[in-house]
Amino acid sequence: MFFLVIKRILLGLITLFIVSLITFVGVEVLPGDACTTYLERQAFGAALEACYERLGLNLPAYERYISWAIGVLQGDFGYSLSGEMKINEVLGPKVKNSMVLASASILIGIPVALLLGIITALWRDKLPDIIISTVTIFSMTIPEFISATLLILIVAIWLEWLPGIVIVPSEASISELLPNIILPVIAISMIMTAHMARMVRSSVIQVMASDYVQMAILKGVPYWKMVFKHVLPNALLPAINVVALTIAWLLGGVVVTEVVFNYPGLGRLVIESISNRDLPVVQALAIILASIYVSINLIADLMTLMLNPRLKSLQIKK
Amino acid sequence: MKNKKEKQKNTFQKILEVIKTMASKPSGLIGLTILIFHVILAITSPLYVPYDYKAIDPSLMLNPPSSEFWFGTDSLGRDVFTRTILGGRTALTVTFFGSLIALLWGGSLGIFCGLVGGKIDDVVMRIIDAFLSIPWILAMLLIVSLLGTTTLVLIPALGFFYGKGIVRVARAATHDVIAKDFIVSARARGHSNISIIWNEILPNVRDAIMVEGAMRWSWMLLGFSSLSFLGFGVSPPTPDWGLMISNARGLMSFAYWAVLAPIVGLSSLIIGINLTADAFAKALGIDRSTKAPV
Chain A
1 MFFLVIKRIL
11 LGLITLFIVS
21 LITFVGVEVL
31 PGDACTTYLE
41 RQAFGAALEA
51 CYERLGLNLP
61 AYERYISWAI
71 GVLQGDFGYS
81 LSGEMKINEV
91 LGPKVKNSMV
101 LASASILIGI
111 PVALLLGIIT
121 ALWRDKLPDI
131 IISTVTIFSM
141 TIPEFISATL
151 LILIVAIWLE
161 WLPGIVIVPS
171 EASISELLPN
181 IILPVIAISM
191 IMTAHMARMV
201 RSSVIQVMAS
211 DYVQMAILKG
221 VPYWKMVFKH
231 VLPNALLPAI
241 NVVALTIAWL
251 LGGVVVTEVV
261 FNYPGLGRLV
271 IESISNRDLP
281 VVQALAIILA
291 SIYVSINLIA
301 DLMTLMLNPR
311 LKSLQIKK
Chain B
1 MKNKKEKQKN
11 TFQKILEVIK
21 TMASKPSGLI
31 GLTILIFHVI
41 LAITSPLYVP
51 YDYKAIDPSL
61 MLNPPSSEFW
71 FGTDSLGRDV
81 FTRTILGGRT
91 ALTVTFFGSL
101 IALLWGGSLG
111 IFCGLVGGKI
121 DDVVMRIIDA
131 FLSIPWILAM
141 LLIVSLLGTT
151 TLVLIPALGF
161 FYGKGIVRVA
171 RAATHDVIAK
181 DFIVSARARG
191 HSNISIIWNE
201 ILPNVRDAIM
211 VEGAMRWSWM
221 LLGFSSLSFL
231 GFGVSPPTPD
241 WGLMISNARG
251 LMSFAYWAVL
261 APIVGLSSLI
271 IGINLTADAF
281 AKALGIDRST
291 KAPV
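Read top to bottom, the protein sequences are chains A and B.
Note that my numbering has the first sequence beginning at 1, numbered continuously upward.
Note that my numbering has the second sequence beginning at 1, numbered continuously upward.
Worth flagging that the hints you see were computed from the coordinates, not collected in a lab.
Keep in mind that a hint or two might mislead.
Only pairs whose alpha carbons sit at most 25 Å apart, straight line, appear in this in silico DSS-like list of lysine-lysine [unchecked claim]:
| # | chain 1 | residue 1 | chain 2 | residue 2 |
| --- | --- | --- | --- | --- |
| 1 | A | Lys96 | A | Lys86 |
| 2 | B | Lys14 | A | Lys126 |
| 3 | A | Lys126 | A | Lys229 |
| 4 | B | Lys54 | B | Lys282 |
| 5 | B | Lys25 | A | Lys126 |
| 6 | B | Lys25 | B | Lys14 |
| 7 | B | Lys180 | B | Lys119 |
| 8 | A | Lys7 | B | Lys119 |
| 9 | B | Lys25 | B | Lys282 |
Being a predicted model, the structure only gives us computed values, none of them experimental.
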């Protein structure tokens, strides 16, 4: 068990290392560099040399990678090109804002998804299932920017219930943010909930068809007792991993949703930094987003390990 | 020769049978109908569009829907109906060829890894995992912003990024068949590796890979239109749904028609592909509902 946990963590770190290599090499191979972008038309002669000197770009690539990697490990991502601010200062408030958005969506989305998934599985092919399943298929297939745009059109413009666009600055406190995030949270959790509800549904249906549940029915265990004691614990375990993957996949969707609502988070920073060719920021964002992905998966793996008694004993025997 | 002809006939019959099974359920029938409608529209629409899609006319700005302009006009006075029925052409072409590329490289690398195993397999899968953990949007944006947004860049870029998930599926499917007796006996008969891949493994993993490819198609369309929406996809004045939504969004409170028409077009196509892919998976007996959208 212990070794398995260590192994998972090591694998995650190796993945992050490869991601850092890929982004570094990618940025390296592509035409142009920080100095030509920064100086634009003045990028020649002495000015270019001075800029290379200042940013340390005259060093060989592997030395730069090592010093960059050491900086990242110490939590220092270097300087951004636009405005020459420290990347940490640029990122700080945006990370916080995106975290607020993501946690609100997860807090609302997961319970709703569990509820919907269980309802649709227990009333399989009956009216509640047909209605909910149709709605989930719609909300999970339609792109984020469409559902977000429709939400703004209907709720903000036609009904005038809520503001359609977030106009708070990046440094706003959480209490200032909260009234603004209602629509973005609905847009994100709609898709997330739909995906998860479908997985929970099929997982519950699978367990309901298993021998031990049939046995429990034959033994005369009351229906709801059987559902809570025999079905749900066994059905929700495999769903954890899939839910984690879904959350990680939604990172991309969060970017789009933030742009639609003008929300001052990581997503808008991704678009801005790529439009401005601010490569140091892009590199930092790639590492941060990949770490989020890797850690969500790691947590899911560990949770499955802890919750599954069979896997535990298997490892002890080995 | 006769044998080959019979084989072809058999494949044809099999395809017909799969389509019949797909159409036998309402969701599959709806999906197929929408998809075929969109494909026909994309192929034939240039023949009968009422106006020029790039004709700008300031005097016709933001006209509401009327008998003259069925879906109204946009902020540059262009006919929304014309642009909407032309809007699926680029998206369908790019994502269709992108999915083919994804299927080809993802499938072959996956089968190769599953077959070889060992160190090479480990290293390749680690790299694939690393690529999977970079959010698709960041990777796509980076490629597109540096190499340009022509279709010739978009097709291979999308094909590459959506193929890495297929590698996993193809590898897992190969792992399932590799230990079976018929492979061992083919080895014992002295068949070459290529012959084993072509005659023994491929027929057994083909279904799983094709279902995965069909699913990727709808995600790729989602990714492609998101790129257009963000301004990193096809460039104006090409009629494209993502681009149209992004352009018309700012004036939505006044001219909702210019944003609703492309929304209906794009949503119906994505739903159509999705329902078709689901029905396709069910017709081949593959359960996809427990998989995450990676």
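Right, here's what the structure says about each hint:
1. A/Lys96 <-> A/Lys86: holds, 17 Å
2. B/Lys14 <-> A/Lys126: Violated - the C-alpha atoms of lysine 126 of chain A and lysine 14 of chain B are around 33 Å apart, more than 25 Å.
3. A/Lys126 <-> A/Lys229: Roughly 24 Å separates the two Cα atoms, so the pair holds.
4. B/Lys54 <-> B/Lys282: violated, 43 Å
5. B/Lys25 <-> A/Lys126: This hinted pair holds, its Cα atoms lying about 16 Å apart.
6. B/Lys25 <-> B/Lys14: Judged against 25 Å, a Cα distance of about 18 Å means the pair holds.
7. B/Lys180 <-> B/Lys119: The hint holds at about 22 Å.
8. A/Lys7 <-> B/Lys119: holds, 17 Å
9. B/Lys25 <-> B/Lys282: holds, 10 Å
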